[in-house]
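Engineer: Build the full structure now, drawing on both the sequences and the hints.
Below, each chain spelled out in residue letters.
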Amino acid sequence: MKILEIRDLHISFKTDNGKVRAIRGVNLDLNKGETIAIVGESGSGKSVTTKAIMGILAGNGVIEQGSINYTWEDDYSEEVGKIEGKTVDIVQLTKEELQRDIRGRKIAMVFQDPMTSLNPTMTIGMQVMEPMLYNYKMDKEHAYQKALELLELVGITNAKKRMKCYPHQLSGGMRQRIVIAIALSCDPYVLICDEPTTALDVTIQAKILELIKDIQKKKDLSVIYITHDLGVVAKVADYVNVMYAGKIVETGTIDEIFYDPQHPYTWGLLSAMPDLDTDDSILYTIPGSPPNLAKEVQGDVFAPRNKFALNIDYRLEPPMFDVEGSNTHKVASWLMHPNAPKIEMPKELKHKIAKMLDN
Amino acid sequence: MSISTLKYLGKRILIAIITLFVIVGILFLMLKLMPGTPFNDEKLSEIQKAQLYAKYGLDQPVIIQFFTYIKNMMAGDFGTSFGISRNQPVANLILPRIPISFGIGIAAVILGTIIGIVLGIYAAKHKNTAADTIATLFSVLGVSVPSFVVALLLLLIFGVQIPVFPVLFDTNNIILASILPVIALSFGVIANVGRFTRSEMINVLSSDYIALAEAKGLDTKLVIRKHAIRNALIPVITILGPILVNLMTGSMVLEQIFSIPGLGSLLVKGITVNDHNVVLAVSFLYSILYVGLMLIIDILYGIIDPRIRIAKGE
Chain X
13 MKILEIRDLH
23 ISFKTDNGKV
33 RAIRGVNLDL
43 NKGETIAIVG
53 ESGSGKSVTT
63 KAIMGILAGN
73 GVIEQGSINY
83 TWEDDYSEEV
93 GKIEGKTVDI
103 VQLTKEELQR
113 DIRGRKIAMV
123 FQDPMTSLNP
133 TMTIGMQVME
143 PMLYNYKMDK
153 EHAYQKALEL
163 LELVGITNAK
173 KRMKCYPHQL
183 SGGMRQRIVI
193 AIALSCDPYV
203 LICDEPTTAL
213 DVTIQAKILE
223 LIKDIQKKKD
233 LSVIYITHDL
243 GVVAKVADYV
253 NVMYAGKIVE
263 TGTIDEIFYD
273 PQHPYTWGLL
283 SAMPDLDTDD
293 SILYTIPGSP
303 PNLAKEVQGD
313 VFAPRNKFAL
323 NIDYRLEPPM
333 FDVEGSNTHK
343 VASWLMHPNA
353 PKIEMPKELK
363 HKIAKMLDN
Chain L
2 MSISTLKYLG
12 KRILIAIITL
22 FVIVGILFLM
32 LKLMPGTPFN
42 DEKLSEIQKA
52 QLYAKYGLDQ
62 PVIIQFFTYI
72 KNMMAGDFGT
82 SFGISRNQPV
92 ANLILPRIPI
102 SFGIGIAAVI
112 LGTIIGIVLG
122 IYAAKHKNTA
132 ADTIATLFSV
142 LGVSVPSFVV
152 ALLLLLIFGV
162 QIPVFPVLFD
172 TNNIILASIL
182 PVIALSFGVI
192 ANVGRFTRSE
202 MINVLSSDYI
212 ALAEAKGLDT
222 KLVIRKHAIR
232 NALIPVITIL
242 GPILVNLMTG
252 SMVLEQIFSI
262 PGLGSLLVKG
272 ITVNDHNVVL
282 AVSFLYSILY
292 VGLMLIIDIL
302 YGIIDPRIRI
312 AKGE
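Top to bottom, those sequences are chains X and L.
Reading the first sequence from the start, the letters are residues 13 to 371 in our numbering.
Reading the second sequence from the start, the letters are residues 2 to 315 in our numbering.
I should point out that these hints are in silico values taken from the structure, not numbers from a laboratory.
One thing to keep in mind: the hints can contain errors.
[Claimed, not checked] Estimated spans, in silico, between C-beta atoms of each pair:
(1) X:Asp232 <-> L:Ser207: 55 to 65 Å
(2) X:Lys219 <-> L:Asp220: 28 to 38 Å
(3) L:Ser207 <-> X:Pro299: 27 to 37 Å
Glycine included, every Cβ here is placed at the ideal spot set by N, Cα and C.
Structural biologist: Here it is as structure tokens:
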């Protein structure tokens with residue numbers, strides 16, 4: 013069942029340098045219980061997309077067109093009985109409706125930097141209990157019990173004592189666990205993890221990823237990961253969306269993206285992933301830098317950085333092409349056109365993938 | 002309150018007391034070094050002057066005078082006035098003036114801080130709107146225009162042209178008479194606190210934990226009340242100290258303008274007639290006030306910011 017469906021989303025920001033078209037026609041699907049990842053360089057629009065889902069875009073951001081449909085399932089509660097399922101377009105909701113119905117309760121978010129995402133002057137316990145107290149009007153005792161359970165669920169030992177602690181008394185890994193506990197406090201259906209491990213120690217990263225995976229299974233959550241780390245993607249995602257300059261350029265299952273990538277940008281990303289096996293001592297980078305989206309771009313925005321670019325890339329924006337033999341794998345590149353010259357992925361990458369397949 | 006907190010408090014109070022003794026020492030020395038004498042009367046002969054010096058112990062070496070002063074001070078005796086009103090104990094001169102000066106000062110601080118915080122929060126919430134611009138303009142004015150200019154302006158408008166308030170301080174109706182001085186004094190406080198609150202609030206509102214609080218599904222009012230204000234006010238407390246010093250010096254001039262029978266005017270008068278004991282006692286009182294307020298601000302800081310509380314506690 014589709015729980016979240018983004019169609020043709022356009023977001024722009026008004027700045028002193030003019031209008032920046034940060035998101036330019038994003039389509040995204042999230043099914044219940046699944047994990048999708050959005051991968052891309054900094055500034056590609058990953059975080060903006062998820063902030064739009066949460067309705068917490070910065071003040072100068074405007075959703076110009078498109079829809080973000082969230083689907084309620086039929087639900088049963090002891091007090092009200094059956095709650096009829098329905099689909100709402102988050103874009104059309106008012107700020108109050110968003111805050112009352114969606115944020116926290118349906119879609120929750122784990123932020124990037126646990127060092128700054130907790131309120132320094134409020135106890136951990138209060139921060140975890142707060143959404144339950146105010147959103148669900150739960151009484152203090154119940155909320156306290158549930159907060160304790162949540163802290164234990166996210167693997168915090170000595171939870172009772174920790175409830176009274178302030179954020180600065182805990183380590184980064186612990187704080188990220190708290191942030192996850194806060195996200196879970198209102199029993200959301202969708203969890204958005206915005207680079208949840210970027211700010212953490214490598215040894216803690218794997219633990220946090222395991223934890224999120226574990227909780228996802230227990231609570232039947234749908235998860236959206238935002239990351240630039242393909243290592244993280246490989247560990248957690250079912251589907252991958254590769255984003256570049258506000259557009260999704262390639263989407264597919266994890267195997268399709270890792271073992272059969274089609275878009276030159278995805279090739280670049282995979283090649284840039286360091287590993288121990290490569291004989292080459294030079295670290296691969298994608299040449300150039302992301303485009304300035306305040307300017308109108310003709311054709312494919314990736315063309316100037318793409319050594320395989322065709323003439324048409326400079327004139328027309330490529331549509332999404334289906335990859336033959338798959339109904340999940342889609343690529344936005346003119347190279348996929350039947351008349352395009354057949355271009356193979358770089359040899360080094362081929363080796364790399366072959367090695368990955370061997371392992 | 003834990004034992005460590007009490008220990009910290011004890012240490013701070015001890016330091017405050019030592020500081021005060023050092024202040025008295027410096028004040029005493031400076032007054033002795035000042036040229037001039039309290040008995041500056043041409044009619045007095047040298048013999049009479051010598052008699053007066055002997056009577057007040059001024060013929061003794063400075064160091065003996067100092068210890069005598071400290072000894073008497075500990076017993077609550079601040080000496081007698083030489084010039085302002087002869088042979089009156091200084092305490093008698095000061096005591097009735099304390100409530101007037103402090104009343105006006107405290108009222109100005111409270112009024113100024115509250116209005117300043119409210120204005121600052123409002124301006125931050127409506128950043129880059131007309132209201133914010135007006136508030137900013139107001140605070141620039143408030144910081145740069147001295148309080149006596151505001152006082153004169155207020156007097157002109159509300160004392161002379163629309164005579165609602167008395168121009169000279171009326172001791173029969175203290176509350177009515179205090180309104181203009183309080184407003185004039187609080188003007189600078191409002192501006193300073195407001196400006197600072199605004200910038201801190203803008204900082205806090207763009208922080209990650211406010212985004213998280215919003216992502217939790219809390220409504221905006223709650224986010225501001227429970228998450229933003231407290232964090233924004235912590236730095237504001239630090240500037241209260243300097244603001245209070247400003248206020249004390251400002252009040253001396255204001256008391257002259259409004260002819261308020263307060264400590265400031267007493268101090269100014271004491272200085273002009275070389276009345277050492279009065280100058281010393283009033284300056285000392287201001288010092289106690291300042292050191293005490295700094296102590297309170299430090300303690301307040303610990304209460305409002307858990308990071309500091311724990312750091313010194315455990």
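Engineer: None of the hints should be skipped; say for each whether it holds.
Structural biologist: Here's how the hints hold up against the structure:
1. Roughly 35 Å separates the CB atoms of Asp232 of chain X and Ser207 of chain L, a value that falls outside the hinted 55 to 65 Å.
2. Distance hint check: the CB atoms of Lys219 of chain X and Asp220 of chain L are about 34 Å apart, consistent with the given range 28 to 38 Å.
3. Against the hinted window of 27 to 37 Å, the Cβ-Cβ separation of Ser207 of chain L and Pro299 of chain X comes to about 34 Å, which satisfies the hint.
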